[in-house]
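Here are the chains, one letter per residue:
Number of protein chains: 2
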Amino acid sequence: MPTIKIPSKKEVVEAHNRIKPYIHHTQVLTSETFNRQFSTRFFFKCENFQKVGAFKSRGAVNAVFSLSESEAEKGVATHSSGNHAQAVARAAALRGIKAYIVMPDNAPSVKVDAVKGYGGIITFCKPTLQARETSLNEVVKKTGACEIHPYDRFEIVCGQATAAKELLEDIPNLDIILAPVGGGGLLAGTALAARYFGNQTKVIACEPAGADDAFRSFKAGRIVPSENPQTIADGLLTSLGVLNFEIIKNEVADIVTVSEKSIKQAMKLIWERMKIIIEPSSAVPFAAVLENKVDVENKKVGIIISGGNVDLKAFL
Amino acid sequence: MPTIKIPSKKEVVEAHNRIKPYIHHTQVLTSETFNRQFSTRFFFKCENFQKVGAFKSRGAVNAVFSLSESEAEKGVATHSSGNHAQAVARAAALRGIKAYIVMPDNAPSVKVDAVKGYGGIITFCKPTLQARETSLNEVVKKTGACEIHPYDRFEIVCGQATAAKELLEDIPNLDIILAPVGGGGLLAGTALAARYFGNQTKVIACEPAGADDAFRSFKAGRIVPSENPQTIADGLLTSLGVLNFEIIKNEVADIVTVSEKSIKQAMKLIWERMKIIIEPSSAVPFAAVLENKVDVENKKVGIIISGGNVDLKAFL
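If you read the protein sequences in the order shown, they are chains H and Y.
Letter by letter, the first sequence follows residues 0 to 315 of numbering that gives the first Met the number 0.
Letter by letter, the second sequence follows residues 0 to 315 of numbering that gives the first Met the number 0.
Don't read these hints as lab results, they were simulated from the structure.
On a predicted model such as this, the values are computed, not experimentally measured, just so you know.
Positions of the beta carbon are idealized from the N, C-alpha and C atoms, including for glycine.
Keep in mind that a hint or two might mislead.
Quick list of the computed label-pair ranges, beta carbon to beta carbon [as the list claims (entries may be wrong)]: (1) Ala92(Y) - His24(H): 33 to 41 angstroms; (2) Val12(H) - Ser258(Y): 50 to 58 angstroms; (3) Asn249(H) - His23(Y): 38 to 46 angstroms; (4) Ser258(Y) - His24(H): 37 to 45 angstroms; (5) Gly95(Y) - Lys312(H): 42 to 50 angstroms; (6) Ser258(Y) - Leu311(H): 15 to 23 angstroms; (7) Val109(H) - Asp112(Y): 30 to 38 angstroms; (8) Ser108(Y) - Ser7(H): 50 to 58 angstroms.
Here chain H stands alone, though its shape is the one from the complex:
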């Protein structure tokens, strides 16, 4: 079994310096209403205001700009149902190379349009993991493009770590950071950032009960893949990556699960009270607060709002 290389503090700092010209240092919002309600202090790191509307920009820019000239010249490729697709398409455009994106044919139109807007070359496939991987392999074979995995990749984890790094630079000495977990790119990065830039900062992951492979993997001490996951939090349907789990099992304090009802309630509350659009996946940590799954009282609690890409056709 090959040794898994974990990003060092220096490598996360280098990633941040590499991506800074191309990403936003996003705002941290607070809510007096929520602070009062839960007798605590929340700090919402608003990656919904990030480029392409999600933290995925960080990892994608870092991965694309870490490639050597010869690796980059044939372009990059990935499969993604959403934010990673846009992020890779945008990063490739910034570097002036091609992006081949495999998307399931049921992807929200707002995400498809956004990928096209960044010049991404889309191949549609059936909405199964197998179809996506097969299509991606064909695209890579045909084009010679470099595959950028959405989360199970060293440069992606380094990039995603920069969200919590910025949060801890803006709000030092957080007691807890809550982050959602899907494939584990954001969570692994957040956990590394907490270790490197925090001060005894605990990272607690929040996951939909209907897609709880990270919860089960964490308890079992080995990767337990998803089986037919179902959740409104469509960014969290994927199973944990290998590099991601290696970091998560060592650096994350706990993983808690939440109901679909709480996710919807959390999303509605944040829309209504904070006047920001967040996607369902981003509501999962606050859902854990609503369900009292995390002890937040009298603490400084960071919450990573992972993105804001919602297909508003359903609403407006």
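Once you've looked at the hints, dock chain Y against the given chain H.
Just chain Y now, kept in the frame of chain H:
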């Protein structure tokens, strides 16, 4: 006819100092997407992030805190279908006095709940201007409370002027400021702020075609009241006030009208691209941009986002 007293620069500055401890200095957001699309630079003054979710906090706090002890002791009263009601209830609570709020019985539940949350004492009435005024007169007679008109009041205009004052302090030398117009409190305040703190800054008002009394009044040179106004922009249904029109006719460069379709489209675009919740009334200025009613090319354009109180029950 009594002389109408127009707020001076000094009085607006004093109002700002009076309210600063109780309101947010709200953010100014930008959008590279919109800037590129319209070859201009937009600066969105985000009063949706203001206390109670709307600019109305400014005027209400100024009005309530301008009262003498003897005027204040019996409380304040107003009729409002929404944001002004919450704003007065909150301002009264801050000063430790009672707030009597007359609300139409079809007011959105989110707004009713918010008034109750601030301790406001609600009297419901039929949703007509006459019923509201009759109920308010009864309440004032019974309680001796001081009536705080939503817009046709000196202190309200001074307070609302502080939104554009902050915007011009943060982004000097704006060429244009676009603001929605209903009763004219925000618009009159914005126009005064542009004169006092701008540099040849033109104020253009934007109004739903279905509630175009300000447009018609502006063209006629006298107040032409609304007749059965119909618009999704429910904050803009009211007719111009006397003080408001006096300022508007002298200080506003133009008033343009927009369709309901454009308002909905503008709201959706801002939700989707900027990831912020704005209410329909706040989308009216950007709707004017979409309709090419305002020449924004190669200019610095401020847009007042007046509020973010939407009843999300309809959506989520």
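The hints, checked one at a time:
no.: 1; hint: Ala92(Y) - His24(H): 33 to 41 angstroms; result: holds, 36 angstroms
no.: 2; hint: Val12(H) - Ser258(Y): 50 to 58 angstroms; result: holds, 52 angstroms
no.: 3; hint: Asn249(H) - His23(Y): 38 to 46 angstroms; result: holds, 41 angstroms
no.: 4; hint: Ser258(Y) - His24(H): 37 to 45 angstroms; result: holds, 38 angstroms
no.: 5; hint: Gly95(Y) - Lys312(H): 42 to 50 angstroms; result: holds, 47 angstroms
no.: 6; hint: Ser258(Y) - Leu311(H): 15 to 23 angstroms; result: holds, 20 angstroms
no.: 7; hint: Val109(H) - Asp112(Y): 30 to 38 angstroms; result: holds, 31 angstroms
no.: 8; hint: Ser108(Y) - Ser7(H): 50 to 58 angstroms; result: holds, 53 angstroms
Comparing the model with each earlier hint shows no violations; every hint is respected.
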